[in-house]
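Student: Sequence:
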Amino acid sequence: MTILNNLPTRTLLQRAAALTSRSSRPLSTSTATSPSTNPTNFPSYLLATPTTEITTFPSGLRVASETIPSSSTATVGVWIDAGSRYETPHNNGAAHFLEHMAFKGTSKRTQYQLEIEIENMGGHLNAYTSREQTVYFAKVFEKDVPRAMDILADILLTSKLDPRAVNRERDVILREMREVNKSNEELVLDHLHGTAFQNSGLGRTILGPERNICTLSRADLREYIDTHYLAPQMVIAGAGAVDHGRLCELAEHYFGGLRVELDDAERESDAVCLDEGKFVGSDVRIHFKSDNMVHMALAYEGASWTSEYAYPLMLLQTLIGGYDRAAGKNVTSQLCYDVAASELANSISTFNTCYKDTGLFGLYAIADKERVSDLMASVMNNLSKMADHIREEDVERAKTALKATMLMGLDGNTNVCEDIGRQLLTYGRRLTPAEIFGRIEEVTVE
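To convert, note that position 108 of the sequence shown is 115 in the numbering used here; the numbers rise steadily by one, no gaps.
The hints are simulated quantities; they were obtained by calculation from the structure and are not laboratory data.
Quick caveat: nothing in here was measured; it's all calculated off a predicted structure.
Treat the hints with care, as some may be off.
Pairwise CB distance ranges (calculated) [as the list claims (entries may be wrong)]: (1) D178 <-> T58: 34 to 42 Å; (2) N206 <-> S137: 16 to 24 Å; (3) R292 <-> P239: 36 to 44 Å; (4) L54 <-> P239: 26 to 34 Å; (5) R177 <-> A394: 19 to 27 Å.
Within a straight-line C-alpha distance of at most 35 Å, the following computed DSBU-like cross-link-like pairs (lysine-lysine) qualify [to be verified]: (6) K376 <-> K189; (7) K376 <-> K285; (8) K410 <-> K285; (9) K392 <-> K363.
From the three backbone atoms N, C-alpha and C, an ideal C-beta is built for every residue, glycine too.
Use the sequences and the hints to build the structure in full.
Tutor: Here is the structure:
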(Lines of atoms letter the chains of each structure in order from A and count residues from 1; the text may use other names and numbers.)
(Lines give C-alpha, C1' and ligand atoms only; values in the text may rest on other atoms or scores of the structure.)
Protein backbone atom coordinates (compact mmCIF):
# COMPACT_ATOMS: atom_id res chain seq x y z
CA MET A 1 0.00 0.00 0.00
CA THR A 2 1.44 3.35 -1.01
CA ILE A 3 0.37 6.82 0.00
CA LEU A 4 1.70 9.78 -1.93
CA ASN A 5 1.13 13.38 -0.93
CA ASN A 6 2.81 15.65 -3.43
CA LEU A 7 4.53 18.91 -2.49
CA PRO A 8 3.97 21.22 -5.49
CA THR A 9 0.62 23.01 -5.63
CA ARG A 10 1.43 25.53 -8.38
CA THR A 11 -0.14 23.53 -11.23
CA LEU A 12 -3.37 22.94 -9.33
CA LEU A 13 -3.72 26.57 -8.26
CA GLN A 14 -2.96 27.74 -11.78
CA ARG A 15 -5.89 25.69 -13.02
CA ALA A 16 -8.14 26.85 -10.21
CA ALA A 17 -7.15 30.45 -10.91
CA ALA A 18 -8.00 30.00 -14.57
CA LEU A 19 -11.36 28.58 -13.56
CA THR A 20 -12.05 31.14 -10.86
CA SER A 21 -15.25 33.14 -10.97
CA ARG A 22 -15.51 36.53 -12.64
CA SER A 23 -15.86 38.36 -9.35
CA SER A 24 -13.45 36.14 -7.39
CA ARG A 25 -15.63 36.58 -4.32
CA PRO A 26 -14.82 34.43 -1.32
CA LEU A 27 -17.79 32.86 0.44
CA SER A 28 -17.44 35.14 3.43
CA THR A 29 -19.45 34.16 6.46
CA SER A 30 -20.69 37.73 6.65
CA THR A 31 -21.81 37.94 3.03
CA ALA A 32 -25.57 38.05 2.69
CA THR A 33 -26.02 39.01 -0.93
CA SER A 34 -26.63 36.72 -3.84
CA PRO A 35 -24.39 36.56 -6.91
CA SER A 36 -24.85 38.99 -9.73
CA THR A 37 -26.21 36.33 -12.08
CA ASN A 38 -29.68 37.36 -13.28
CA PRO A 39 -32.22 35.32 -11.26
CA THR A 40 -34.64 35.30 -14.17
CA ASN A 41 -32.30 32.84 -15.89
CA PHE A 42 -33.00 30.22 -13.23
CA PRO A 43 -35.87 27.71 -13.53
CA SER A 44 -38.95 28.42 -11.39
CA TYR A 45 -38.43 25.39 -9.14
CA LEU A 46 -35.08 26.83 -8.10
CA LEU A 47 -36.54 30.19 -7.13
CA ALA A 48 -39.52 28.62 -5.33
CA THR A 49 -37.48 26.75 -2.73
CA PRO A 50 -38.63 27.32 0.88
CA THR A 51 -36.98 29.99 2.98
CA THR A 52 -34.52 29.05 5.70
CA GLU A 53 -35.40 30.91 8.89
CA ILE A 54 -32.50 31.63 11.25
CA THR A 55 -32.57 32.90 14.82
CA THR A 56 -29.46 33.65 16.88
CA PHE A 57 -29.81 33.68 20.66
CA PRO A 58 -27.82 36.10 22.86
CA SER A 59 -25.68 33.12 23.93
CA GLY A 60 -24.61 32.55 20.31
CA LEU A 61 -26.75 29.42 19.87
CA ARG A 62 -28.35 29.39 16.43
CA VAL A 63 -31.65 27.83 15.39
CA ALA A 64 -32.29 27.35 11.67
CA SER A 65 -35.15 25.60 9.94
CA GLU A 66 -36.88 25.08 6.63
CA THR A 67 -40.61 24.33 6.72
CA ILE A 68 -41.87 22.07 3.93
CA PRO A 69 -45.68 22.44 3.88
CA SER A 70 -46.41 19.07 2.26
CA SER A 71 -44.36 17.10 4.75
CA SER A 72 -45.79 15.18 7.72
CA THR A 73 -42.40 14.20 9.12
CA ALA A 74 -39.46 16.22 10.33
CA THR A 75 -35.75 15.90 10.91
CA VAL A 76 -34.31 17.86 13.82
CA GLY A 77 -30.75 17.75 15.01
CA VAL A 78 -27.81 19.39 16.69
CA TRP A 79 -24.73 20.29 14.64
CA ILE A 80 -21.67 20.97 16.80
CA ASP A 81 -18.47 22.65 15.72
CA ALA A 82 -16.46 19.89 17.40
CA GLY A 83 -14.60 16.97 15.86
CA SER A 84 -11.26 15.19 15.91
CA ARG A 85 -9.34 18.28 14.71
CA TYR A 86 -10.25 20.04 17.97
CA GLU A 87 -8.94 17.17 20.09
CA THR A 88 -5.47 16.90 21.58
CA PRO A 89 -3.13 13.89 21.62
CA HIS A 90 -4.45 13.30 25.14
CA ASN A 91 -8.17 13.03 24.26
CA ASN A 92 -8.13 12.22 20.54
CA GLY A 93 -11.10 9.95 19.92
CA ALA A 94 -13.31 11.51 22.61
CA ALA A 95 -15.94 12.90 20.22
CA HIS A 96 -16.36 9.51 18.56
CA PHE A 97 -16.37 7.74 21.94
CA LEU A 98 -19.18 10.06 23.09
CA GLU A 99 -21.14 9.19 19.96
CA HIS A 100 -21.16 5.59 21.21
CA MET A 101 -21.92 6.50 24.81
CA ALA A 102 -24.83 8.83 23.95
CA PHE A 103 -27.14 5.87 23.39
CA LYS A 104 -26.13 3.96 26.52
CA GLY A 105 -28.42 5.77 28.95
CA THR A 106 -28.86 9.19 30.54
CA SER A 107 -29.85 10.59 33.92
CA LYS A 108 -33.51 10.39 32.78
CA ARG A 109 -33.57 7.32 30.55
CA THR A 110 -31.93 3.91 30.60
CA GLN A 111 -30.60 2.52 27.35
CA TYR A 112 -33.66 0.27 27.11
CA GLN A 113 -36.09 3.14 27.77
CA LEU A 114 -34.36 5.27 25.14
CA GLU A 115 -34.62 2.52 22.54
CA ILE A 116 -38.28 1.80 23.34
CA GLU A 117 -39.27 5.47 23.25
CA ILE A 118 -37.72 5.99 19.81
CA GLU A 119 -39.23 2.75 18.54
CA ASN A 120 -42.71 3.61 19.83
CA MET A 121 -42.54 6.95 18.01
CA GLY A 122 -41.61 5.19 14.80
CA GLY A 123 -38.60 7.47 14.79
CA HIS A 124 -34.94 7.14 13.92
CA LEU A 125 -32.09 8.46 16.05
CA ASN A 126 -28.56 8.66 14.72
CA ALA A 127 -25.21 10.41 15.10
CA TYR A 128 -21.87 10.76 13.36
CA THR A 129 -18.51 12.35 13.96
CA SER A 130 -16.19 13.92 11.39
CA ARG A 131 -12.95 15.85 11.62
CA GLU A 132 -14.74 19.16 12.13
CA GLN A 133 -18.30 18.36 13.20
CA THR A 134 -20.28 16.19 15.60
CA VAL A 135 -23.92 15.61 14.66
CA TYR A 136 -26.91 14.10 16.48
CA PHE A 137 -30.28 14.02 14.72
CA ALA A 138 -33.72 12.43 14.86
CA LYS A 139 -36.33 11.70 12.19
CA VAL A 140 -39.86 11.71 13.60
CA PHE A 141 -43.50 12.54 12.89
CA GLU A 142 -44.52 16.19 13.21
CA LYS A 143 -46.25 15.66 16.58
CA ASP A 144 -43.11 14.08 18.06
CA VAL A 145 -40.71 16.97 17.40
CA PRO A 146 -40.85 18.16 21.06
CA ARG A 147 -40.02 14.65 22.31
CA ALA A 148 -37.20 14.39 19.79
CA MET A 149 -35.70 17.65 21.07
CA ASP A 150 -36.01 16.37 24.64
CA ILE A 151 -34.17 13.18 23.71
CA LEU A 152 -31.44 15.02 21.80
CA ALA A 153 -30.77 17.34 24.74
CA ASP A 154 -30.83 14.39 27.13
CA ILE A 155 -28.27 12.25 25.28
CA LEU A 156 -26.03 15.23 24.52
CA LEU A 157 -25.96 17.01 27.85
CA THR A 158 -26.89 14.48 30.53
CA SER A 159 -25.48 11.21 29.23
CA LYS A 160 -24.80 8.98 32.22
CA LEU A 161 -21.34 7.86 31.07
CA ASP A 162 -21.44 4.90 33.42
CA PRO A 163 -17.83 3.66 33.95
CA ARG A 164 -18.89 0.07 33.35
CA ALA A 165 -20.56 1.05 30.06
CA VAL A 166 -17.45 3.03 29.11
CA ASN A 167 -15.27 -0.05 29.64
CA ARG A 168 -17.66 -2.26 27.65
CA GLU A 169 -17.70 0.20 24.78
CA ARG A 170 -13.91 0.12 24.43
CA ASP A 171 -14.09 -3.35 22.87
CA VAL A 172 -16.85 -2.22 20.51
CA ILE A 173 -14.76 0.72 19.27
CA LEU A 174 -11.64 -1.42 18.94
CA ARG A 175 -13.61 -3.85 16.75
CA GLU A 176 -14.82 -0.89 14.71
CA MET A 177 -11.20 0.23 14.32
CA ARG A 178 -10.22 -3.19 13.02
CA GLU A 179 -13.04 -3.04 10.46
CA VAL A 180 -11.99 0.46 9.37
CA ASN A 181 -8.40 -0.71 8.96
CA LYS A 182 -9.61 -3.44 6.61
CA SER A 183 -10.82 -0.72 4.25
CA ASN A 184 -7.74 0.30 2.31
CA GLU A 185 -9.33 3.54 1.11
CA GLU A 186 -10.20 4.74 4.63
CA LEU A 187 -6.78 3.69 5.90
CA VAL A 188 -4.97 5.49 3.08
CA LEU A 189 -6.95 8.70 3.55
CA ASP A 190 -6.31 8.63 7.31
CA HIS A 191 -2.59 8.33 6.66
CA LEU A 192 -2.89 11.05 4.03
CA HIS A 193 -4.34 13.46 6.59
CA GLY A 194 -1.70 12.40 9.08
CA THR A 195 1.13 13.31 6.73
CA ALA A 196 -0.51 16.33 5.05
CA PHE A 197 -1.33 18.00 8.37
CA GLN A 198 1.47 16.77 10.59
CA ASN A 199 1.46 17.80 14.25
CA SER A 200 -1.95 19.46 13.97
CA GLY A 201 -5.52 18.52 14.80
CA LEU A 202 -6.51 17.77 11.18
CA GLY A 203 -3.87 15.08 11.09
CA ARG A 204 -5.55 13.07 13.85
CA THR A 205 -7.97 10.24 13.13
CA ILE A 206 -11.62 10.33 14.12
CA LEU A 207 -11.46 7.12 16.15
CA GLY A 208 -8.22 8.13 17.86
CA PRO A 209 -5.24 5.89 18.61
CA GLU A 210 -5.75 2.51 20.25
CA ARG A 211 -4.08 3.66 23.47
CA ASN A 212 -6.64 6.45 23.87
CA ILE A 213 -9.55 4.11 23.25
CA CYS A 214 -8.21 1.93 26.04
CA THR A 215 -7.54 4.76 28.50
CA LEU A 216 -10.13 7.53 27.99
CA SER A 217 -12.07 7.83 31.24
CA ARG A 218 -15.49 9.13 32.23
CA ALA A 219 -13.79 12.30 33.46
CA ASP A 220 -12.11 12.80 30.06
CA LEU A 221 -15.44 12.43 28.26
CA ARG A 222 -17.22 14.78 30.64
CA GLU A 223 -14.43 17.33 30.23
CA TYR A 224 -14.81 17.11 26.46
CA ILE A 225 -18.54 17.88 26.73
CA ASP A 226 -17.90 20.83 29.06
CA THR A 227 -15.21 22.36 26.83
CA HIS A 228 -16.63 21.70 23.35
CA TYR A 229 -20.42 21.78 23.61
CA LEU A 230 -20.63 25.58 23.83
CA ALA A 231 -23.60 27.66 22.65
CA PRO A 232 -21.74 29.58 19.85
CA GLN A 233 -20.46 26.26 18.49
CA MET A 234 -23.90 24.67 18.16
CA VAL A 235 -26.69 24.88 15.59
CA ILE A 236 -30.16 23.45 16.15
CA ALA A 237 -31.46 22.60 12.67
CA GLY A 238 -34.82 21.35 11.46
CA ALA A 239 -36.45 20.53 8.14
CA GLY A 240 -39.85 19.27 7.05
CA ALA A 241 -42.90 19.58 9.28
CA VAL A 242 -41.33 22.04 11.71
CA ASP A 243 -42.52 25.41 12.96
CA HIS A 244 -39.59 27.76 13.44
CA GLY A 245 -41.08 29.65 16.37
CA ARG A 246 -41.84 26.42 18.21
CA LEU A 247 -38.37 25.07 17.43
CA CYS A 248 -36.84 28.21 18.96
CA GLU A 249 -38.94 27.72 22.10
CA LEU A 250 -37.77 24.12 22.40
CA ALA A 251 -34.16 25.12 21.80
CA GLU A 252 -34.37 27.76 24.52
CA HIS A 253 -35.95 25.29 26.93
CA TYR A 254 -33.53 22.43 26.40
CA PHE A 255 -30.32 24.21 25.38
CA GLY A 256 -30.71 27.61 27.00
CA GLY A 257 -28.26 26.81 29.78
CA LEU A 258 -25.26 26.09 27.58
CA ARG A 259 -21.93 27.70 28.40
CA VAL A 260 -20.87 30.57 26.16
CA GLU A 261 -17.07 30.48 26.24
CA LEU A 262 -13.99 28.83 27.73
CA ASP A 263 -11.92 30.41 30.46
CA ASP A 264 -8.19 31.01 29.98
CA ALA A 265 -7.20 27.85 31.85
CA GLU A 266 -9.43 25.69 29.65
CA ARG A 267 -8.05 27.24 26.48
CA GLU A 268 -4.54 26.24 27.55
CA SER A 269 -5.53 22.79 28.83
CA ASP A 270 -4.86 19.44 27.16
CA ALA A 271 -8.59 19.08 26.43
CA VAL A 272 -8.81 21.66 23.64
CA CYS A 273 -6.91 22.04 20.35
CA LEU A 274 -7.38 25.34 18.52
CA ASP A 275 -4.50 25.17 16.01
CA GLU A 276 -4.74 25.95 12.32
CA GLY A 277 -4.59 23.29 9.65
CA LYS A 278 -1.17 23.77 8.05
CA PHE A 279 -0.44 21.70 4.96
CA VAL A 280 2.93 19.92 4.92
CA GLY A 281 3.97 18.15 1.73
CA SER A 282 5.42 14.71 2.36
CA ASP A 283 5.53 11.10 1.22
CA VAL A 284 4.47 8.02 3.22
CA ARG A 285 4.76 4.43 1.98
CA ILE A 286 3.57 1.30 3.75
CA HIS A 287 4.50 -2.02 2.16
CA PHE A 288 2.72 -5.35 2.47
CA LYS A 289 4.67 -8.09 0.69
CA SER A 290 1.54 -10.23 0.42
CA ASP A 291 -0.35 -7.62 -1.63
CA ASN A 292 0.32 -7.03 -5.33
CA MET A 293 -2.11 -4.14 -5.53
CA VAL A 294 -1.23 -0.56 -4.61
CA HIS A 295 -3.77 1.75 -2.94
CA MET A 296 -2.53 5.31 -3.18
CA ALA A 297 -3.55 8.92 -2.84
CA LEU A 298 -1.91 11.91 -4.49
CA ALA A 299 -3.03 15.18 -2.89
CA TYR A 300 -2.44 18.89 -3.14
CA GLU A 301 -3.44 21.54 -0.66
CA GLY A 302 -7.00 22.44 -1.57
CA ALA A 303 -9.36 25.21 -0.53
CA SER A 304 -11.40 26.03 2.55
CA TRP A 305 -15.20 26.16 2.42
CA THR A 306 -15.14 29.96 2.16
CA SER A 307 -12.25 30.26 -0.30
CA GLU A 308 -12.72 31.91 -3.70
CA TYR A 309 -11.32 28.66 -5.12
CA ALA A 310 -13.99 26.46 -3.50
CA TYR A 311 -16.32 26.28 -6.51
CA PRO A 312 -13.59 26.19 -9.17
CA LEU A 313 -12.11 23.17 -7.37
CA MET A 314 -15.52 21.51 -7.18
CA LEU A 315 -15.77 21.91 -10.95
CA LEU A 316 -12.22 20.66 -11.42
CA GLN A 317 -13.10 17.55 -9.42
CA THR A 318 -16.08 16.94 -11.69
CA LEU A 319 -13.98 17.62 -14.80
CA ILE A 320 -11.36 15.03 -13.86
CA GLY A 321 -14.01 12.57 -12.73
CA GLY A 322 -13.24 8.94 -12.10
CA TYR A 323 -12.90 5.54 -13.73
CA ASP A 324 -13.70 2.05 -12.53
CA ARG A 325 -12.78 -0.92 -14.69
CA ALA A 326 -15.90 -2.79 -13.55
CA ALA A 327 -18.28 0.07 -14.35
CA GLY A 328 -16.41 2.11 -16.96
CA LYS A 329 -17.40 5.28 -15.12
CA ASN A 330 -16.66 8.70 -16.66
CA VAL A 331 -13.96 8.15 -19.24
CA THR A 332 -14.83 11.53 -20.75
CA SER A 333 -11.83 13.23 -19.15
CA GLN A 334 -8.51 12.69 -20.87
CA LEU A 335 -6.90 11.34 -17.71
CA CYS A 336 -9.60 8.71 -17.19
CA TYR A 337 -9.49 7.83 -20.88
CA ASP A 338 -5.73 7.28 -20.74
CA VAL A 339 -6.05 5.17 -17.59
CA ALA A 340 -8.76 3.04 -19.17
CA ALA A 341 -7.14 2.70 -22.60
CA SER A 342 -3.75 1.69 -21.22
CA GLU A 343 -5.18 -0.32 -18.30
CA LEU A 344 -3.07 1.66 -15.84
CA ALA A 345 -5.39 1.12 -12.86
CA ASN A 346 -8.40 -0.84 -11.67
CA SER A 347 -9.97 2.42 -10.56
CA ILE A 348 -9.18 6.07 -10.05
CA SER A 349 -11.30 8.81 -8.47
CA THR A 350 -10.98 12.49 -7.63
CA PHE A 351 -11.63 13.89 -4.17
CA ASN A 352 -12.05 17.44 -2.94
CA THR A 353 -12.24 17.76 0.84
CA CYS A 354 -12.88 21.20 2.32
CA TYR A 355 -12.24 22.32 5.89
CA LYS A 356 -12.63 25.67 7.65
CA ASP A 357 -9.16 26.94 6.84
CA THR A 358 -7.70 24.55 4.26
CA GLY A 359 -8.50 21.48 2.19
CA LEU A 360 -7.20 18.48 0.26
CA PHE A 361 -7.62 17.99 -3.47
CA GLY A 362 -6.34 14.88 -5.15
CA LEU A 363 -6.79 11.46 -6.63
CA TYR A 364 -7.17 8.00 -5.13
CA ALA A 365 -6.24 4.99 -7.23
CA ILE A 366 -5.97 1.21 -7.05
CA ALA A 367 -3.42 -0.29 -9.42
CA ASP A 368 -1.11 -3.23 -9.91
CA LYS A 369 2.27 -2.43 -8.40
CA GLU A 370 3.93 -2.93 -11.80
CA ARG A 371 1.82 -0.15 -13.32
CA VAL A 372 2.27 2.51 -10.64
CA SER A 373 5.10 4.37 -12.37
CA ASP A 374 3.17 4.58 -15.65
CA LEU A 375 0.02 5.60 -13.80
CA MET A 376 1.75 8.42 -11.93
CA ALA A 377 3.40 9.65 -15.12
CA SER A 378 0.00 9.79 -16.82
CA VAL A 379 -1.60 11.56 -13.87
CA MET A 380 1.06 14.25 -13.63
CA ASN A 381 1.13 14.72 -17.40
CA ASN A 382 -2.63 15.23 -17.59
CA LEU A 383 -2.73 17.55 -14.60
CA SER A 384 0.03 19.66 -16.13
CA LYS A 385 -1.89 19.90 -19.40
CA MET A 386 -4.98 21.06 -17.55
CA ALA A 387 -3.02 24.02 -16.24
CA ASP A 388 -2.83 25.31 -19.80
CA HIS A 389 -6.02 24.19 -21.49
CA ILE A 390 -9.55 23.11 -20.61
CA ARG A 391 -12.27 22.98 -23.24
CA GLU A 392 -15.32 25.19 -22.82
CA GLU A 393 -17.69 22.29 -23.52
CA ASP A 394 -16.06 20.24 -20.76
CA VAL A 395 -16.59 23.04 -18.27
CA GLU A 396 -20.26 23.35 -19.26
CA ARG A 397 -20.71 19.60 -18.87
CA ALA A 398 -19.11 19.75 -15.44
CA LYS A 399 -21.38 22.62 -14.44
CA THR A 400 -24.47 20.62 -15.34
CA ALA A 401 -23.21 17.57 -13.46
CA LEU A 402 -22.30 19.62 -10.37
CA LYS A 403 -25.70 21.32 -10.32
CA ALA A 404 -27.43 17.94 -10.54
CA THR A 405 -25.31 16.62 -7.68
CA MET A 406 -26.14 19.65 -5.55
CA LEU A 407 -29.89 19.33 -6.12
CA MET A 408 -29.96 15.57 -5.58
CA GLY A 409 -28.14 16.18 -2.31
CA LEU A 410 -31.20 18.15 -1.12
CA ASP A 411 -33.66 15.33 -1.73
CA GLY A 412 -35.51 14.66 1.54
CA ASN A 413 -35.92 16.31 4.94
CA THR A 414 -32.79 14.74 6.41
CA ASN A 415 -30.57 15.93 3.57
CA VAL A 416 -32.00 19.44 3.83
CA CYS A 417 -31.48 19.46 7.60
CA GLU A 418 -27.91 18.27 7.12
CA ASP A 419 -27.30 21.03 4.57
CA ILE A 420 -28.68 23.67 6.94
CA GLY A 421 -26.59 22.55 9.91
CA ARG A 422 -23.37 22.20 7.93
CA GLN A 423 -23.71 25.53 6.15
CA LEU A 424 -24.51 27.43 9.34
CA LEU A 425 -21.30 26.06 10.88
CA THR A 426 -19.12 26.63 7.81
CA TYR A 427 -20.56 29.83 6.27
CA GLY A 428 -22.53 31.31 9.14
CA ARG A 429 -25.59 31.37 6.87
CA ARG A 430 -27.52 29.22 4.41
CA LEU A 431 -26.73 29.48 0.71
CA THR A 432 -29.87 29.14 -1.39
CA PRO A 433 -29.86 26.73 -4.37
CA ALA A 434 -30.16 29.79 -6.64
CA GLU A 435 -27.03 31.33 -5.13
CA ILE A 436 -25.13 28.06 -5.49
CA PHE A 437 -26.19 27.81 -9.14
CA GLY A 438 -25.12 31.42 -9.63
CA ARG A 439 -21.67 30.77 -8.22
CA ILE A 440 -21.28 27.71 -10.43
CA GLU A 441 -22.32 29.72 -13.49
CA GLU A 442 -19.81 32.48 -12.66
CA VAL A 443 -16.91 30.07 -13.21
CA THR A 444 -15.52 30.56 -16.69
CA VAL A 445 -12.61 29.51 -18.90
CA GLU A 446 -10.72 32.65 -19.80
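Student: Taking the hints in turn, state whether each one holds.
Tutor: Hint check:
A hinted range of 34 to 42 Å for the beta carbons of D178 and T58 is inconsistent with their spacing of about 47 Å. The hinted range of 16 to 24 Å is satisfied by N206 and S137, whose Cβ atoms lie roughly 20 Å apart. Range check, R292 to P239: about 42 Å between beta-carbon atoms, so the 36 to 44 Å window is met. The hint said 26 to 34 Å for the Cβ distance between L54 and P239, and at roughly 33 Å that hint holds.
Here the CB-CB span from R177 to A394 is close to 49 Å, at odds with the stated 19 to 27 Å. Straight-line distance between C-alpha atoms of K376 and K189 comes to about 19 Å, which keeps the hinted pair within the 35 Å bound. Taking the CA atoms of K376 and K285, the gap is near 31 Å; set against the 35 Å cutoff, the hint holds. For the suggested pair K410 and K285, the alpha carbons sit about 31 Å apart, so the restraint of at most 35 Å is met.
A distance of roughly 30 Å separates the Cα atoms of K392 and K363; the hinted pair therefore holds under the 35 Å criterion.
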